[in-house]
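Q: Here are the chains, one letter per residue:
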Amino acid sequence: MFKWKKILASVLCAGALLVTGCGGGDGGGSSSSGGDPNVLKVGVTNFADTLEPTQNYFGWVVMRYGLGECLTKFDEKMNIQPWLAESWQVSDDHLTWTFKIRDNVKFSNGTPLTAEAVKNSIERAFAKNTRAATFFEYESITADGQNLIIQTKNPLPGMPGYLADPLFIIVDTTAEPARDFSKEGPICTGPYMVESFVKERAVMKRNENYWDGEVPYQTVEIPSIDDPNTRAMALQSGDVDIAVNIAAGDIDIFKGNDKFHIDEIASLRVVLARLNQKPDHILSDPKVRAALICGCDRETYNDVLLKKTFIPGKAPVPPSLDYGFDQLKDPNVYNPERAAKLLDEAGWKDSDGDGIREKDGRKLELDFVVYNSRAELPLYAEAVQSDLKKLGFDIKINTVDYNLIDGMGIKGEYDLLISNITTANTGDPEIFLTWYWKTNADGSNPQNGSGYSNPAYDAKLNELSMEFDKDKRRQLIIDLQQILLDDGASLFFGYPQTNIINAKYVDGVVMYPSDYYWITKLIRPAK
Amino acid sequence: MIEAFKKNRLFAIYTAAVILILFVAIFAPYLAPQDPFDGNMRNVLQPPSSEHLLGTDKLGRDTLSRIIAGTQVSLFMTICLVILLAIVGSIIGITSGYFGGKVEMILMRFADMMLAFPGVVLAIAIAGILGGSVVNTIIALLAVGWAKYARLVRSLVIKLRNNDFIIAAQVNGTKTINILWRHILPNILPMVVITGAMDIGTMMMEIAGLSFLGFGAQPPTPEWGLMLNEGRQYIQTAPWLMIYPGAAIFIVVATFNLWGDSLRDVLDPRQQ
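Just so you know, the protein sequences line up as chains C and G, in that order. Residue numbers for the first sequence follow the working numbering, beginning at 1 and rising by one. Residue numbers for the second sequence follow the working numbering, beginning at 1001 and rising by one.
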């Protein structure tokens, strides 16, 4: 009997496998409901454990779910637009900012929004999250009627952009401590408010006190579907009406289907590999770094392997932002012959014939740390591994959990470490260029765990932090990028296009380059 | 042996199939039509064609070549694991069965503890802590699987221990190690071999399972479980990346299961 049970089990397993394998052929899928006009279902990926906007990066989720709003926001071209602040100005000495708060805004619990409330909310963010101080430091914040006045010690050209960061979502601090924001969600001003939230699934309901027009849906259900294939299938089957970030492997299914609408845009993100160049690491030799970078055929990775869902990488800042992408010169374009020559020059030779180069008894072996919650990261890593093997590198891919990545990056426990980073979450790449490459003297700049240090680069960064003139800032940012390229500071793989796909019975779904605004009041049933 | 083949047609057929699989595994580098590691990145996710009989994967590597190379990896891992399980299990089983007393109690309570855990979950935990690699997968499954063998061997040894020929050997002053080696081991070996043979299929599935979850073989190793996982992302657009490695697992596991069963029929006198 035992024998037959085993055979039966094997057959069933194989059968199940074949069925799932073949089922994909028909593409479309059926949407059963056609969309309930009162309920919106959005398939997302959620990393937040709570909706407390000051905890880690959880504010992003508060904003994406249509819950929280800031004083300012970014439009489709990353220009700063008024939001809860209707206008702002800076004094002649560049030290005093005055934001005029809209006076028709109410929190979802009915409390009117005043400059005092905004002040308390911003101070709360500073008190609860040290990241706030990496954006700006203030001398004083004062409220005068609907005017919010922020005094700073140094001139801070990026102020309106800083306040668009979801860390500075305006919450009703008077609702605390009666309401525990981390358990019940914050009280904000957005079109929807929390009904229930766990990491895997959130339910939002209409904010009846919304200030900016009518809110279309009674309820928004937001399941977090972390696996990109499952998310695609949920959209195909009608389990969700909207899905964000459909992976390269699946996007073709929707492209040829007139039931779905795709909004695909160049994001502000860059996928890069940090290269550890601390003294005892192999990559401290600039020639080896140059060889590594020009041994990678980045055009093929992005155009073929990722089916053009990524733009081939070159510089730190993506071409979607106007910071001289085309005029920057990459000294390390794909050229395997040059890469081999550089390695020879640096003294790395394959003396024992195993295909891996050595120098002074040390193998050319590099530890490449990746995580795989984003589908493209392992793909890049494997492509690099395959390309560089031909040059005599032995790349060991070390897949770790996403939660470990940050710590490993700060401590420098890698040779290469892959990251998918937003370059301009304040509207310009100053912070991005500072965090990852400014000299880290005794932990002064912890995000730079790679050991990269160039005094010329630091000097230009200092200049940038004081500069108000738009054209001069642009030129400084271009210069900074060129220094990084010349130094072979990091390996820039590519720039993701992000997408949001919706069934056509829903309207107004837009993906913004900042990636902050997913569910907005503009999303409504199609007529 | 020839007798056995004549008597048992099915056993002959299954043995032939097993030999064929072993042949593929051993000569994989010569049988694979293309390099299983190095593909043409300009030629990714191609459907099956005359050039690539089973299509190409996400890095443009030939799927057929990778499946053939995977036979070697998967079979090597499985056979190593089963042999290690048999050795470790036998040593612990013989020790506790023959000597009894406190040694037995400690070892068997430890075995009970291991058996009380859900095996695969524990293996995932161990492999997760050790980090994914071929060797660590084997260690993890070994740590989980030995208890079953130790229990089996122990019960066999207890049955043997009081037989006259053992007592005679003891009375004659034979060294303990010689008793174990000369008298006990040959008597338990057939049972251990049968159990091992029947476990090959199961172990192969568990290894593939761990690799599928990312705790086993790491890229670019052509391991079937890992290939399934890689193909999962393209399940709708390039289903051949899952179908063929899945079929390979199915065929090999089924063959070894059938072979293990018929081997038992042949070796176990009670079944005849």
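Just so you know, these hints were derived from the structure itself, not from any lab. Some hints could be false.
[As the list claims (entries may be wrong)] Derived pair list, reagent style SDA-like, types lysine to any residue, alpha-carbon separation capped at 25 Å:
id, chain 1, residue 1, chain 2, residue 2
1, C, Lys396, G, Glu1104
2, C, Lys470, C, Thr134
3, C, Lys308, G, Asn1043
4, C, Lys460, C, Arg179
5, C, Lys396, G, Ile1124
[Unchecked claim] Below, a sample of chain C positions facing chain G; criterion: calculated Cβ distance under 8 Å:
id, residue
6, Gly249
7, Pro378
8, Glu382
9, Ala383
10, Gln385
11, Asn454
[What the hints assert, rightly or not] From chain G, some residues computed to sit far from chain C (all C-beta separations above 12 Å):
id, residue
12, Phe1005
13, Thr1015
14, Ile1177
For clarity, every value in this text was computed on a predicted model and none was experimentally measured. Here a beta-carbon is modelled for each residue, glycine too, at the ideal position from N, C-alpha and C.
Q: Could you check the structure against the hints above and give me the numbers of any it violates, in ascending order?
A: Violated hints (numbers, rising): 1, 4, 11; every other hint is consistent with the structure.
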